[in-house]
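Got chain A; can you put chain B on it based on the hints?
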Amino acid sequence: MRFAPTDEQAMFRDSVRRFVADEYPFDRRLKIVAEAPGYLDAHWQAFAELGWLSVPFPEEFGGLGGSAFDVAVLMEEFGRGLVVSPYLSTVVLSGRLLTDANGEAARTLIDEIIAGKAKASAALLEPQGRYDLNDVATKAEPDGDGWRLSGRKTGVPFGATADRLIVSARAGGGRRDPEGISLFLVDPGAKGVSLQSYRTHDGGSAAVLDLAGVAVKRGDLLGHAGKALPLIERATDVASAALAAEAVGAMEAAQQATVAYAKTRKQFDQNLGQFQALQHRMVDMFMKCELSRSMAIEAADGAGMDDPAERSRRVAAARALIGKQARHVCEEAVQLHGGIGVTMEVPVGHHLKRVMAINATLGDPAWHRHRYLRYLRSADNLAAGGVA
Amino acid sequence: MDIQFSAEGEKFRDEVRRFLRENLPDNIRDAVRSERMDLPVDEQRRWQGILAEKGWGAPSWPKEHGGAGWTDEQFYIFEREMALNDAPRPLSFGIQMLGPTLLHFGNEEQKRKFLPGTLRGDILWCQGYSEPNAGSDLASLKTRAVLEGDRYVINGSKIWTTDAHTADWMFGLFRTDSSGKKQDGITFLLLDMKSPGLTVRPLIMFEGTHEVNQVFFDNVKVPVSQRIYEEGKGWTVAKHLLSLERFGTAEVSRTLASIARLKRLAARIPAGEGTLLDDPDFAQRVADAEMELRALELTELRFLFAPTGESGGAEASMLKIRGTEIQQEVFGLTVEALGQYAQAAPGTGADEVPAGLLAEFRLGAAASRTHFNFRKTSIYAGSNEIQKNIIAKAVLGLGR
Numbered sequence: 010m011r012f013a014p015t016d017e018q019a020m021f022r023d024s025v026r027r028f029v030a031d032e033y034p035f036d037r038r039l040k041i042v043a044e045a046p047g048y049l050d051a052h053w054q055a056f057a058e059l060g061w062l063s064v065p066f067p068e069e070f071g072g073l074g075g076s077a078f079d080v081a082v083l084m085e086e087f088g089r090g091l092v093v094s095p096y097l098s099t100v101v102l103s104g105r106l107l108t109d110a111n112g113e114a115a116r117t118l119i120d121e122i123i124a125g126k127a128k129a130s131a132a133l134l135e136p137q138g139r140y141d142l143n144d145v146a147t148k149a150e151p152d153g154d155g156w157r158l159s160g161r162k163t164g165v166p167f168g169a170t171a172d173r174l175i176v177s178a179r180a181g182g183g184r185r186d187p188e189g190i191s192l193f194l195v196d197p198g199a200k201g202v203s204l205q206s207y208r209t210h211d212g213g214s215a216a217v218l219d220l221a222g223v224a225v226k227r228g229d230l231l232g233h234a235g236k237a238l239p240l241i242e243r244a245t246d247v248a249s250a251a252l253a254a255e256a257v258g259a260m261e262a263a264q265q266a267t268v269a270y271a272k273t274r275k276q277f278d279q280n281l282g283q284f285q286a287l288q289h290r291m292v293d294m295f296m297k298c299e300l301s302r303s304m305a306i307e308a309a310d311g312a313g314m315d316d317p318a319e320r321s322r323r324v325a326a327a328r329a330l331i332g333k334q335a336r337h338v339c340e341e342a343v344q345l346h347g348g349i350g351v352t353m354e355v356p357v358g359h360h361l362k363r364v365m366a367i368n369a370t371l372g373d374p375a376w377h378r379h380r381y382l383r384y385l386r387s388a389d390n391l392a393a394g395g396v397a
Numbered sequence: 002m003d004i005q006f007s008a009e010g011e012k013f014r015d016e017v018r019r020f021l022r023e024n025l026p027d028n029i030r031d032a033v034r035s036e037r038m039d040l041p042v043d044e045q046r047r048w049q050g051i052l053a054e055k056g057w058g059a060p061s062w063p064k065e066h067g068g069a070g071w072t073d074e075q076f077y078i079f080e081r082e083m084a085l086n087d088a089p090r091p092l093s094f095g096i097q098m099l100g101p102t103l104l105h106f107g108n109e110e111q112k113r114k115f116l117p118g119t120l121r122g123d124i125l126w127c128q129g130y131s132e133p134n135a136g137s138d139l140a141s142l143k144t145r146a147v148l149e150g151d152r153y154v155i156n157g158s159k160i161w162t163t164d165a166h167t168a169d170w171m172f173g174l175f176r177t178d179s180s181g182k183k184q185d186g187i188t189f190l191l192l193d194m195k196s197p198g199l200t201v202r203p204l205i206m207f208e209g210t211h212e213v214n215q216v217f218f219d220n221v222k223v224p225v226s227q228r229i230y231e232e233g234k235g236w237t238v239a240k241h242l243l244s245l246e247r248f249g250t251a252e253v254s255r256t257l258a259s260i261a262r263l264k265r266l267a268a269r270i271p272a273g274e275g276t277l278l279d280d281p282d283f284a285q286r287v288a289d290a291e292m293e294l295r296a297l298e299l300t301e302l303r304f305l306f307a308p309t310g311e312s313g314g315a316e317a318s319m320l321k322i323r324g325t326e327i328q329q330e331v332f333g334l335t336v337e338a339l340g341q342y343a344q345a346a347p348g349t350g351a352d353e354v355p356a357g358l359l360a361e362f363r364l365g366a367a368a369s370r371t372h373f374n375f376r377k378t379s380i381y382a383g384s385n386e387i388q389k390n391i392i393a394k395a396v397l398g399l400g401r
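Chains as they are written, first to last, in my numbering: chain A, 10 to 397; chain B, 2 to 401.
Chain A with its partners taken away, still in its complex shape (with noise of 0.2 Å):
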């Protein structure tokens, strides 16, 4: 058992918050999310240089080989941070995506992601599914030697300066069917292509996809034609461990944040830290801080995994008990601030918009403790535990 972080792992993590502190302060960044689509590529540019965009693919693809827990590191210092960029959809999402793929097009693309000049999304959502990955009703419909996608994907994130989309099509099936869907390398200029693109509340951007009978080449078919959702299903959980500790990054931060005020701020001649109903509510903060960091690890662990039970088992629970007790730090940690907490001066509110949506990012927490059920009715679990 070793819970510290690698030398490797520290030095890194040392990187991204240096990256951070200089480049992204609190003032900053105001002024950079304040403009579509929230990220300068100036920054994305040196994400590149310093090597961060090959992290989590293969040492055979051009990458690091970094692990689930080396991305964690820098989604954490993301979140602390609050920088927004595309580095989950199109490095940890997309990249895994296109890794498991593989494929000539597949690995192009890899190569222009780890070189920062291209950058992709993914869209497998869709508006009836909710953040149901089986549920696709977009059409792919065999055309000459390619296919014909129709239909609506939603939440694309930063699908607006997407150079390529990833996109799930069903080529059979029902349409909750598990059996029949397919990945697509799409072209956003490709004709029927029509993406709208708005503002998220925590300063990205996002993207409706609409596809009305545009044409997809042989070659850009990803893997298996009906055969995707374990791929998706398998990038998704690595996504979500990402964004599991992103949101530890920022609640921490928060909590971090209203502790630090609570020692100066005075009322009623004494610093608000020195009421015992304030101090416990800060504690029960803490905790879940801890709390969540541990499931975080949970999270990245499980999204080593090669058994998707036991992936997608680890990655349930976590991002169902941190989404939830993100959100609760966050949000009382603008309530403790008092009035300055609701105001755009102080980074707390903004913490709380990032975490909820994260929370609604890929699933939130009541889904994924859905899925944690499964898992808990299974003939598994129950004989788990006591062993005698």
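Taking lysine-lysine pairs in the DSS-like style, the calculated list, with each CA pair at most 27 Å apart, reads:
| no. | chain 1 | residue 1 | chain 2 | residue 2 |
| --- | --- | --- | --- | --- |
| 1 | B | K394 | A | K272 |
| 2 | B | K240 | B | K222 |
| 3 | B | K64 | B | K240 |
| 4 | A | K275 | B | K394 |
| 5 | B | K182 | B | K234 |
| 6 | B | K64 | B | K114 |
Now the stretches of chain A that chain B is said to cover, found in silico as 3 or more residues with beta-carbon under 8 Å:
| no. | segment |
| --- | --- |
| 7 | 268 to 275 |
| 8 | 299 to 307 |
Some but not every residue of chain A turned toward chain B, in silico, with C-beta under 10 Å:
| no. | residue |
| --- | --- |
| 9 | T15 |
| 10 | N280 |
| 11 | Q283 |
I should point out that these hints are in silico values taken from the structure, not numbers from a laboratory.
Note that the Cβ used here is the ideal one computed from N, Cα and C, for glycine as well.
Chain B alone, transformed into the frame defined by chain A:
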């Protein structure tokens, strides 16, 4: 990061399991399985003897005094397997508290006199700390020990004394000087529970269990040779003793076993068209408890295997708060699962209910007894509110 046990750890786990399968008496296992903490005293001695025979009676002590010389991982696995296999909790007063205290502060004669018997289970201990007017504010204790020649003479009273009615000896804190700061002038003494002038009054808990007592001292005489460390330095001894509680304070593994029992129970209790575990509301609450427990388990491991050493024992406070809260939640769910059977009074017997329902009534009565009994855990050993004060001060630096 690596959150799996090592290969040596897994081998050791199998060894512990095998030992428990072969050596844990059935009646003791059954008592623990029904969540009882008040094991009869003969069984306590018997089980401690079995453990001591194996060399596992006081694993955390130094090897020359009967300790096991284990790694942190082995301690953790041992505690976990004991819990999962329904072995009794370790003897906290003698093995976990007094032994290490004697080893640190006691003189050679005291070690020789008390350690071997404690290890074998021949000497069972109780702890004389709290008083009627010194609970969470322990340093306000007033029971006086006055030095007369080579003996202290004690007058006053201790309360909430767990096992005072079964223990052979007591270790406790007594006031020898009240002129200075309240933490000064406290002295740590050992005394024979058969001492003349000492009486024990049972305090029956509201669900009917006899675990705690009030102890009265009427000119009880204690030889100076039974004083640990210096006169007036008892608070130092007590603080050291508290810092030893690193393992198992959260009872994570015990609750893991309790949740496993709850799930198996809910999966066979009929409800609507299926079982109680199919009920979305009930299942969701069980799932929440299970996830919260996993978070706590990993947090405990994190504290044990990556100690920062900076938070001054606040980890133990957090583990205690969450551990007791989750444990109480699980026992509450067990009561709800058993529904009307849980209304039955403790000891409901075959002469009162039909034979076909007796097992359910017994489970229900036991579940309620446990639920009520475990209300104590968020109060004892420093109430959860006191634990929050500790974290606020020691970790968050608030209130200064």
